[in-house]
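J.: If you want the building blocks of each chain, they are given just below.
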Amino acid sequence: MFHFNDIHTRSRWAWPYIIFLFCFVVMPLVMIVIYAFEDNTGAFTLNNFVRFFTRSEAINTFFYSLGIAFYTTLVCFLLGFPAAYFMGMEEYKVSTVLAMLFILPMSFNSLLRTIATVEVFSLANIPLGEGTLMFGMVYNFLPFMIYPIYNTIQKMDKSVIEAARDLGANRKEVFIKIIFPLSMPGVYSGIAMVFMPTVSTFAITELLTRNKIKLFGSIIQENIQSGVLLNYGAALSFIMLVFILLTNLFNKTEGVNDEK
Amino acid sequence: MVQTHSDYIIEIQHVSKCFADGKYVLSDVSLNIRRGEFVTILGPSGCGKTTLLRCLGGFLQPTSGTITLNSQDLLSLPAHKRPINTVFQKYALFPHLNVYDNVAFGLKLRGVERQEINRQVKKALKMVGMTDYEWRDVNSLSGGQQQRVAFARAIINKPDVLLLDEPLAALDLKMRKDMQLELREMHRQLGITFIYVTHDQEEALTLSDRVVVMREGQIQQIGTPTDIYNEPQNCFVADFIGESNILDATMIKDELVHFCDVDFPCVDKGFGEMQAVDVVLRPEDIYIAEYQQDNKAHENLWQLKGEVKSCIFKGVHYEMAVLTDNGYELLVQDYHAFEAGTYVGLLIKPEDIQVMKKERTENTFLGEVLSDNQIRFLDTKWQVSAEQLTGLTVGDAIVVSFGFDAVVLEDDFAEGQLSGEVHFILYKGNYYHLTIRSESSEDIFVNTTDVWDDGDQVGIHLDTDKIRIKKQEI
Numbered sequence: 012m013f014h015f016n017d018i019h020t021r022s023r024w025a026w027p028y029i030i031f032l033f034c035f036v037v038m039p040l041v042m043i044v045i046y047a048f049e050d051n052t053g054a055f056t057l058n059n060f061v062r063f064f065t066r067s068e069a070i071n072t073f074f075y076s077l078g079i080a081f082y083t084t085l086v087c088f089l090l091g092f093p094a095a096y097f098m099g100m101e102e103y104k105v106s107t108v109l110a111m112l113f114i115l116p117m118s119f120n121s122l123l124r125t126i127a128t129v130e131v132f133s134l135a136n137i138p139l140g141e142g143t144l145m146f147g148m149v150y151n152f153l154p155f156m157i158y159p160i161y162n163t164i165q166k167m168d169k170s171v172i173e174a175a176r177d178l179g180a181n182r183k184e185v186f187i188k189i190i191f192p193l194s195m196p197g198v199y200s201g202i203a204m205v206f207m208p209t210v211s212t213f214a215i216t217e218l219l220t221r222n223k224i225k226l227f228g229s230i231i232q233e234n235i236q237s238g239v240l241l242n243y244g245a246a247l248s249f250i251m252l253v254f255i256l257l258t259n260l261f262n263k264t265e266g267v268n269d270e271k
Numbered sequence: 045m046v047q048t049h050s051d052y053i054i055e056i057q058h059v060s061k062c063f064a065d066g067k068y069v070l071s072d073v074s075l076n077i078r079r080g081e082f083v084t085i086l087g088p089s090g091c092g093k094t095t096l097l098r099c100l101g102g103f104l105q106p107t108s109g110t111i112t113l114n115s116q117d118l119l120s121l122p123a124h125k126r127p128i129n130t131v132f133q134k135y136a137l138f139p140h141l142n143v144y145d146n147v148a149f150g151l152k153l154r155g156v157e158r159q160e161i162n163r164q165v166k167k168a169l170k171m172v173g174m175t176d177y178e179w180r181d182v183n184s185l186s187g188g189q190q191q192r193v194a195f196a197r198a199i200i201n202k203p204d205v206l207l208l209d210e211p212l213a214a215l216d217l218k219m220r221k222d223m224q225l226e227l228r229e230m231h232r233q234l235g236i237t238f239i240y241v242t243h244d245q246e247e248a249l250t251l252s253d254r255v256v257v258m259r260e261g262q263i264q265q266i267g268t269p270t271d272i273y274n275e276p277q278n279c280f281v282a283d284f285i286g287e288s289n290i291l292d293a294t295m296i297k298d299e300l301v302h303f304c305d306v307d308f309p310c311v312d313k314g315f316g317e318m319q320a321v322d323v324v325l326r327p328e329d330i331y332i333a334e335y336q337q338d339n340k341a342h343e344n345l346w347q348l349k350g351e352v353k354s355c356i357f358k359g360v361h362y363e364m365a366v367l368t369d370n371g372y373e374l375l376v377q378d379y380h381a382f383e384a385g386t387y388v389g390l391l392i393k394p395e396d397i398q399v400m401k402k403e404r405t406e407n408t409f410l411g412e413v414l415s416d417n418q419i420r421f422l423d424t425k426w427q428v429s430a431e432q433l434t435g436l437t438v439g440d441a442i443v444v445s446f447g448f449d450a451v452v453l454e455d456d457f458a459e460g461q462l463s464g465e466v467h468f469i470l471y472k473g474n475y476y477h478l479t480i481r482s483e484s485s486e487d488i489f490v491n492t493t494d495v496w497d498d499g500d501q502v503g504i505h506l507d508t509d510k511i512r513i514k515k516q517e518i
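Chains A and B, in that order, are what the protein sequence lines are. Going by our numbering, the first residue of the first sequence is number 12, and it counts up by one from there. Going by our numbering, the first residue of the second sequence is number 45, and it counts up by one from there.
I should point out that these hints are in silico values taken from the structure, not numbers from a laboratory. The structure presented is a predicted model; accordingly, all values stated were derived computationally and were not measured. Mixed in with the good hints there might be a few duds.
Unchecked claim - If you want the ones that stay clear, here's a sample from chain A, every Cβ over 12 Å from chain B, calculated: (1) Phe33; (2) Glu49; (3) Phe63; (4) Arg66; (5) Ser106; (6) Ser133; (7) Ile137.
What the hints assert, rightly or not - Computed footprint of chain A on chain B; a stretch qualifies when at least three of its residues, placed anywhere within it, have a C-beta under 8 Å from a C-beta of chain A: (8) 120 to 129; (9) 146 to 156.
As the list claims (entries may be wrong) - Here are the computed lysine-lysine pairs in the BS3-like style, where the Cα-Cα straight-line distance is at most 25 Å: (10) B:Lys297 x B:Lys472; (11) B:Lys515 x B:Lys425; (12) B:Lys166 x A:Lys188; (13) A:Lys183 x B:Lys202; (14) A:Lys188 x B:Lys152; (15) B:Lys152 x B:Lys134; (16) B:Lys125 x A:Lys169; (17) A:Lys183 x A:Lys166; (18) B:Lys134 x A:Lys188; (19) A:Lys104 x B:Lys67; (20) B:Lys358 x B:Lys218; (21) B:Lys401 x B:Lys297; (22) B:Lys152 x A:Lys169; (23) B:Lys167 x A:Lys188; (24) A:Lys188 x B:Lys125; (25) A:Lys183 x B:Lys125; (26) A:Lys166 x B:Lys134; (27) B:Lys202 x B:Lys167; (28) B:Lys402 x B:Lys313; (29) B:Lys152 x A:Lys183; (30) A:Lys169 x B:Lys134; (31) B:Lys202 x A:Lys188; (32) B:Lys313 x B:Lys297; (33) B:Lys202 x B:Lys152.
Cβ coordinates follow ideal geometry from the N, Cα and C atoms, glycine included.
Could you put the whole structure together from the sequences, leaning on the hints where they help?
T.: The structure is reproduced here in structure tokens:
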């Protein structure tokens, strides 16, 4: 007999994944931290960070990436929220069909999709640059914005909408005072799932701008690939990690307040 | 003083609601509600009570009929403009707002000034006994507390009518009893008209000025709790409200009714002579005592004699099943216990016998003649003898009728000529009167001594020799 409720048995089943996590997630992270604080010879140094903060090129790219990420997130939100709202309020059957439709492209590799996008642009004689980059970003990340918002709205207890109408709220007021605030947990997850990945993207940037525009992800990739500046690349990754952790913390506290 | 029709705050006229699947959840419901009244709409789940409430609240539009509030058309107003507020079944509190903001929601929408809101919210929370809970997160409250907040939120707009959709259903028994008393008290203090929906008959009888009993989208009876309990108008109401013995009877003449093979004096008149009726006997209205065989006086005193089959203690009283000598089983309640096996005498006072007109005495269906020995009704073809079709020609619209005992039910629902589901069971003392809903959604009534359960799938056999066919008159 299996004892499904036996916590020890269950935790044993998770061991393969825990080992995997340790080897391929925890260890690399530890190595990033170690490399970031070492020079070529392996001696401890803070020079990698000094280099980042004193070179305007790196700092500029960092802020430029944040800017691109910000606009991508904003556009995704503006396009995604109404779609998620519409789907979330629809009857279950209709909404699942719609959800399937926009999740379907996600099952193709994002590189393939991006290469296809490049072809479309070149066919249409549209020069590659910031505009096409933004398009590619939004195209790739929009589902990550829609899905969490859709999920939150779909699971929302719709009787609160009736309650608000009952108490005298018209359609607009119902949306502003009830539906939007209640969809915030989904919005936060959507932002988290779009903003940080866009900062660190390099493949989409490379392909959709023919390497004309560099984002923070591209710089990390270039430095690490060069071999010579591996430690500097590690330091840049470390900075980004810290940034991700900070935004996640912010996201967590907001989320808790809303969901509880 | 001239009495105008505005005595009624709400007038519901011939309201029907048909959903997309073509099913009528409300059919021709008419109901007037007086100002300040506490009205309860009572019925089993699926009877249309919540649908009616939602039509009043503005969340559903009736298919036909009119509803007025203060003599003004209500149906043209959207939900948010109706001076009606609702306490929802699962409270529907706003999870992102605290207690104060939940209660203040309605006032803030109307742009009431801050200090006034503050005062009103405090007052409302005090009324429901939730003072000092203003800043609490609503999700941290217990079910009963959430219910109180939902109530405060609904009354703060001072609605003309308050709708309550099974507000106590999710609470445990003790809490429910306490809340019932509080609701009654709040109704008295506020003077607002309450329309309360519940499936709990005891709750309905305890709370209301008037009770509206519904079944399958139709009103069965409207009356005060005592009327509904003591003078049910049909078997459904008698069976649904409280415990009851429902028996076949014959009204011999005014004030004399025959059932259980005995003539009983009663107080009912106007049913005609030798008319088939139903009688309702409440278990607590039947007098019971041990029958003394050698006592001559007892022979004349007791109207029925029988043996106690079971005796269960119910808290305040004992409930006994008595099988009479002439084969009827009656439920009797008494403060004294008569153990199983005791031979007892039973007595029923004339005023405790409630006589009801029979709703039906046979099954009737519309059909058509298919050939010289075949007819169709209940969506099924039936073979009949040529004699039964004398005087009819192919294509004629016909009325088919047969008695309750012409039908035999089969365990295997594939066995019969058609199949159906047991929809309603009524025990008549020595047999069951079943309502079987056929696949074509028509009701077939069957008398049987076999025991079936609600929802059983059954095969239906019909003895076609016993059916009578006549031409449908147009």
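J.: Hint by hint, note whether the structure agrees.
T.: Checked hints:
1. Phe33: Correct as stated: the minimum Cβ-Cβ distance to chain B is 37 Å, above 12 Å.
2. Glu49: 48 Å, holds
3. Phe63: 41 Å, holds
4. Arg66: 45 Å, holds
5. Ser106: It holds; Ser106 (chain A) is separated from chain B by about 18 Å at its closest Cβ, greater than 12 Å.
6. Ser133: Ser133 (chain A) clear of chain B: closest Cβ-Cβ about 48 Å, beyond 12 Å.
7. Ile137: It holds; Ile137 (chain A) is separated from chain B by about 44 Å at its closest Cβ, greater than 12 Å.
8. 120 to 129: holds (count 6)
9. 146 to 156: holds (count 4)
10. B:Lys297 x B:Lys472: At roughly 22 Å apart (the allowed maximum being 25 Å), Lys472 (chain B) and Lys297 (chain B) satisfy the hint.
11. B:Lys515 x B:Lys425: Measuring from Cα to Cα gives roughly 17 Å; hence the hint holds.
12. B:Lys166 x A:Lys188: Within the cut-off at roughly 22 Å; holds.
13. A:Lys183 x B:Lys202: 23 Å, holds
14. A:Lys188 x B:Lys152: Distance ~11 Å between Lys188 (chain A) and Lys152 (chain B) Cα, so the pair holds.
15. B:Lys152 x B:Lys134: The given pair, whose Cα atoms are some 23 Å apart, holds under the 25 Å limit.
16. B:Lys125 x A:Lys169: With a Cα-Cα distance of about 20 Å, the restraint between Lys125 (chain B) and Lys169 (chain A) holds, given a limit of 25 Å.
17. A:Lys183 x A:Lys166: 21 Å, holds
18. B:Lys134 x A:Lys188: OK: Lys134 (chain B) and Lys188 (chain A) at ~20 Å, within 25 Å.
19. A:Lys104 x B:Lys67: 21 Å, holds
20. B:Lys358 x B:Lys218: Roughly 17 Å separates the two Cα atoms, so the pair holds.
21. B:Lys401 x B:Lys297: Given that 25 Å is the threshold and the Cα spacing comes to 14 Å, the pair holds.
22. B:Lys152 x A:Lys169: 21 Å, holds
23. B:Lys167 x A:Lys188: Holds. Lys167 (chain B) to Lys188 (chain A) sits at ~24 Å (cutoff 25 Å).
24. A:Lys188 x B:Lys125: 17 Å, holds
25. A:Lys183 x B:Lys125: With Cα atoms ~14 Å apart, Lys183 (chain A) and Lys125 (chain B) stay inside 25 Å; holds.
26. A:Lys166 x B:Lys134: 15 Å, holds
27. B:Lys202 x B:Lys167: 12 Å, holds
28. B:Lys402 x B:Lys313: 15 Å, holds
29. B:Lys152 x A:Lys183: 15 Å, holds
30. A:Lys169 x B:Lys134: 11 Å, holds
31. B:Lys202 x A:Lys188: The hint holds at about 21 Å.
32. B:Lys313 x B:Lys297: 8 Å, holds
33. B:Lys202 x B:Lys152: 14 Å, holds
Of the numbered hints given earlier, the model fails none.
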